[in-house]
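There are 2 protein chains.
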Amino acid sequence: MSYECSLERMTDKIQTMSKFGDAGHGGITRYTLSPEDNMARNEFKKRMEAIGAIIEYDDVANMYATLPGSDPDAKRIVMASHTDSVKNGGNYDGILGVMSAMEVLEAVADQNIPHKHPLTAMVWTNEEGSLYPPAMMVSGIVCYDYLPEDIKGKFKYEDMMKSKSVLDGESTFQQALDATEFKGDKKNRLNQDDYKCMFEIHIEQGPILEDAGNDVGVVDCVLGMFNYRLRFYGQTVHAGTFPMDKRQDTLFGASQAICYLHEEIDKLGHPELVYTTGELVLHPNVHTCVPDYVDFSIDCRHESPELRDKVLEIVKGCADKQWAGCKCEVEKMWNRDTVYWDKTLFGYVEDAAKESGYPYQVLHSGAGHDAQFVSYMMPTTMIFVQSKDGLSHCEPEYSTPEHCTEGATVLLNAVLKADKE
Amino acid sequence: MSYECSLERMTDKIQTMSKFGDAGHGGITRYTLSPEDNMARNEFKKRMEAIGAIIEYDDVANMYATLPGSDPDAKRIVMASHTDSVKNGGNYDGILGVMSAMEVLEAVADQNIPHKHPLTAMVWTNEEGSLYPPAMMVSGIVCYDYLPEDIKGKFKYEDMMKSKSVLDGESTFQQALDATEFKGDKKNRLNQDDYKCMFEIHIEQGPILEDAGNDVGVVDCVLGMFNYRLRFYGQTVHAGTFPMDKRQDTLFGASQAICYLHEEIDKLGHPELVYTTGELVLHPNVHTCVPDYVDFSIDCRHESPELRDKVLEIVKGCADKQWAGCKCEVEKMWNRDTVYWDKTLFGYVEDAAKESGYPYQVLHSGAGHDAQFVSYMMPTTMIFVQSKDGLSHCEPEYSTPEHCTEGATVLLNAVLKADKE
Numbered sequence: 001m002s003y004e005c006s007l008e009r010m011t012d013k014i015q016t017m018s019k020f021g022d023a024g025h026g027g028i029t030r031y032t033l034s035p036e037d038n039m040a041r042n043e044f045k046k047r048m049e050a051i052g053a054i055i056e057y058d059d060v061a062n063m064y065a066t067l068p069g070s071d072p073d074a075k076r077i078v079m080a081s082h083t084d085s086v087k088n089g090g091n092y093d094g095i096l097g098v099m100s101a102m103e104v105l106e107a108v109a110d111q112n113i114p115h116k117h118p119l120t121a122m123v124w125t126n127e128e129g130s131l132y133p134p135a136m137m138v139s140g141i142v143c144y145d146y147l148p149e150d151i152k153g154k155f156k157y158e159d160m161m162k163s164k165s166v167l168d169g170e171s172t173f174q175q176a177l178d179a180t181e182f183k184g185d186k187k188n189r190l191n192q193d194d195y196k197c198m199f200e201i202h203i204e205q206g207p208i209l210e211d212a213g214n215d216v217g218v219v220d221c222v223l224g225m226f227n228y229r230l231r232f233y234g235q236t237v238h239a240g241t242f243p244m245d246k247r248q249d250t251l252f253g254a255s256q257a258i259c260y261l262h263e264e265i266d267k268l269g270h271p272e273l274v275y276t277t278g279e280l281v282l283h284p285n286v287h288t289c290v291p292d293y294v295d296f297s298i299d300c301r302h303e304s305p306e307l308r309d310k311v312l313e314i315v316k317g318c319a320d321k322q323w324a325g326c327k328c329e330v331e332k333m334w335n336r337d338t339v340y341w342d343k344t345l346f347g348y349v350e351d352a353a354k355e356s357g358y359p360y361q362v363l364h365s366g367a368g369h370d371a372q373f374v375s376y377m378m379p380t381t382m383i384f385v386q387s388k389d390g391l392s393h394c395e396p397e398y399s400t401p402e403h404c405t406e407g408a409t410v411l412l413n414a415v416l417k418a419d420k421e
Numbered sequence: 001m002s003y004e005c006s007l008e009r010m011t012d013k014i015q016t017m018s019k020f021g022d023a024g025h026g027g028i029t030r031y032t033l034s035p036e037d038n039m040a041r042n043e044f045k046k047r048m049e050a051i052g053a054i055i056e057y058d059d060v061a062n063m064y065a066t067l068p069g070s071d072p073d074a075k076r077i078v079m080a081s082h083t084d085s086v087k088n089g090g091n092y093d094g095i096l097g098v099m100s101a102m103e104v105l106e107a108v109a110d111q112n113i114p115h116k117h118p119l120t121a122m123v124w125t126n127e128e129g130s131l132y133p134p135a136m137m138v139s140g141i142v143c144y145d146y147l148p149e150d151i152k153g154k155f156k157y158e159d160m161m162k163s164k165s166v167l168d169g170e171s172t173f174q175q176a177l178d179a180t181e182f183k184g185d186k187k188n189r190l191n192q193d194d195y196k197c198m199f200e201i202h203i204e205q206g207p208i209l210e211d212a213g214n215d216v217g218v219v220d221c222v223l224g225m226f227n228y229r230l231r232f233y234g235q236t237v238h239a240g241t242f243p244m245d246k247r248q249d250t251l252f253g254a255s256q257a258i259c260y261l262h263e264e265i266d267k268l269g270h271p272e273l274v275y276t277t278g279e280l281v282l283h284p285n286v287h288t289c290v291p292d293y294v295d296f297s298i299d300c301r302h303e304s305p306e307l308r309d310k311v312l313e314i315v316k317g318c319a320d321k322q323w324a325g326c327k328c329e330v331e332k333m334w335n336r337d338t339v340y341w342d343k344t345l346f347g348y349v350e351d352a353a354k355e356s357g358y359p360y361q362v363l364h365s366g367a368g369h370d371a372q373f374v375s376y377m378m379p380t381t382m383i384f385v386q387s388k389d390g391l392s393h394c395e396p397e398y399s400t401p402e403h404c405t406e407g408a409t410v411l412l413n414a415v416l417k418a419d420k421e
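So the protein sequences, as listed, match chains V and E.
Using the working numbering, the first residue of the first sequence is number 1, and each one after it goes up by one.
Using the working numbering, the first residue of the second sequence is number 1, and each one after it goes up by one.
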């Protein structure tokens with residue numbers, strides 16, 4: 001038997017949550033543990049208390065709302081995502097996963113749906129890392145012992161506590177944690193003893209579902225990626241007084257390198273490969289000075305480690321060339337292998353999608369999510385919902401209430417399948 | 001008869017002034033009216049009072065130290081430059097002109113050199129505009145009535161007072177002026193009735209003198225220039241989830257445009273033409289996002305208006321092209337014609353340089369200086385001193401004490417020629 005979530009209730013949650021951090025152009029800025037984030041968290045608490053869920057916080061301000069199941073010895077099934085956003089982000093990234101988890105619990109409570117396992121809706125703290133870097137900070141902390149060695153180093157608790165606000169450059173994540181009413185007990189953290197598995201719903205953040213006319217995505221993996229930094233060293237000289245042929249212009253050099261990377265990587269001929277030079281730092285960044293320093297990021301994602309290696313070879317090769325007279329260094333920031341979701345949970349989601357009758361497809365996740373770190377600790381999987389125009393991390397980000405509700409319905413039925421196991 | 005300045009006294013001034021705002025790598029950060037700038041200003045005041053000069057301030061905190069001449073009706077001859085610096089600038093840009101003016105007055109006092117006209121050493125406020133933009137702000141204010149119409153608009157007194165600190169984005173130039181002890185009376189401003197002409201010594205900020213083995217430059221003009229902004233509009237999408245062929249990547253587009261500009265402008269085949277893309281703004285500037293907005297500056301300088309127009313045609317043509325799927329807009333920030341110095345004063349400097357026996361040459365100034373605005377109000381000219389490696393606006397900026405003293409000696413003798421007129 002298949003259950004359904006409520007379009008009306010989902011729409012109301014979307015409208016309500018979209019107010020908290022309204023940035024004025026259709027989206028939000030809702031940094032973790034900010035007053036705006038607290039509004040979203042309080043809304044979560046209020047609505048979950050209203051259906052009789054037990055509310056708990058852990059020491060890194062993750063929130064857990066749990067409806068007990070019929071078997072007192074059964075482990076919890078958790079549905080989790082985040083309430084925080086990037087600067088001028090949208091109303092769906094993260095919060096859709098929280099709202100869907102809430103919706104599942106509300107549907108279960110409203111329709112008295114029998115279930116053996118306790119069902120938990122969870123809010124992750126600081127997934128975006130947009131105020132206190134890095135992204136996925138708190139799932140990194142909570143899953144620390146299970147992470148692969150080369151990722152581990154990035155998420156040491158002590159280091160994370162010292163992460164400084166990108167706004168004031170001074171206040172720390174530790175201070176934000178100490179100040180929040182949502183800080184609780186470390187023993188409440190997501191863990192293997194008390195939890196059986198985790199589901200996360202997210203918007204696709206790309207145009208694949210929309211282009212294919214599908215509402216829901218059954219996600220099989222998170223693409224492997226690497227993130228490198230190319231650094232260019234030249235010489236600051238005066239724009240008006242220094243002859244062109246003697247200059248070492250790092251911005252010209254970096255521009256040449258960006259064009260070169262596009263040309264060479266595109267030659268590999270893999271249209272599903274994505275790579276991005278999204279961040280650039282320039283010194284002194286003054287219109288009357290030739291810049292003596294530029295660095296930029298390159299982020300590359302694909303399922304195949306062999307193809308990623310080929311791209312990496314091109315990236316690393318930049319260090320052997322001169323760019324407008326400038327030296328180039330290539331530095332590894334991090335990389336990760338493709339993470340495949342638990343096959344059993346994936347099957348529940350696919351079956352639930354099939355039974356629902358909604359148009360769906362299997363697809364990869366190009367973005368990282370907290371679920372990815374959790375997958376090292378316990379069985380985990382993800383569901384995607386169609387994103388209008390594939391837009392995300394920007395204010396026009398949009399998914400229809402219908403698609404959001406369909407996603408929640410697939411989640412509900414997949415969770416109930418996991419509950420029966 | 002030819003007089004000489006003192007190497008010992010000049011060296012002492014250089015060493016003393018270099019302490020005020022010491023940025024730790026050989027240079028200084030000395031924003032206008034900052035505590036560090038006040039130290040330099042007090043040093044100026046102390047040393048000028050020590051030789052009996054009369055100290056005056058005007059309403060925009062310019063400082064004037066005057067040694068009376070033998071003719072009570074004669075107008076003043078002023079030697080002026082600035083004490084402020086860019087961030088992590090050097091120990092010579094600006095302050096060399098102030099120290100040379102001080103040195104001339106000290107030599108005159110020390111050697112009892114007869115002179116008819118009062119001789120004034122002057123400190124301009126906020127030449128760099130590095131804390132409160134724009135550059136040459138205060139000479140723009142003081143010479144306002146004499147400026148060409150299209151420059152005028154940039155330097156309205158009321159607008160300048162509202163200029164906000166680039167550090168805190170809030171405090172204004174007006175507030176800095178109101179707080180300084182160096183604010184005086186508007187009637188003390190440099191003016192046509194009381195002043196006969198102005199000289200300014202500056203470091204070359206380029207490698208031409210050094211490459212030619214010349215110590216001193218006799219400057220004939222400030223090169224005409226234009227400053228435009230190219231703006232690129234695309235779409236922010238997620239780095240991991242959005243296919244390459246649907247992207248509108250503004251940083252890729254801007255990189256292509258920078259490479260295109262170099263290629264096309266270099267085809268014009270004028271090695272003495274200089275152009276610079278020194279400033280770039282990127283949004284959202286996050287490694288996981290394709291940037292939806294980039295703008296960069298292009299600064300171009302050459303004596304010939306015809307050649308500048310040819311370059312401008314290339315720059316403006318960028319708006320007619322697509323750059324990685326992004327729209328481009330080209331916006332004029334400002335331009336200025338080549339400003340030629342007063343021929344008589346130029347002759348005095350050239351004669352003084354010739355008589356000194358120092359290796360010298362005639363050259364253009366590629367950089368803008370306060371002298372340029374003053375030249376619309378009264379006869380004005382400039383002298384350059386060799387810059388090691390042509391470096392400027394950076395901490396390694398360097399000129400030898402010997403070259404600095406030679407420059408001051410040329411200034412002294414040129415001023416005495418003007419005094420005899």
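Since the hints were made in silico from the structure, they are not lab data.
All values reported here derive from a predicted model rather than from experimental measurement.
Note that the Cβ used here is the ideal one computed from N, Cα and C, for glycine as well.
Careful, some of the hints might be misleading.
To give an idea of the interface, some chain V residues facing chain E are shown, with a C-beta separation under 7 Å as derived from the structure [to be verified]:
1) Phe242
2) Ile258
3) Tyr260
4) Thr277
5) Gly278
6) Val290
7) Pro291
8) Ser297
9) Pro359
10) Leu363
Open item on the list: Tell me the hint numbers this structure goes against, listed in increasing order.
Closed with: Violated hints (numbers, rising): 3, 9, 10; every other hint is consistent with the structure.
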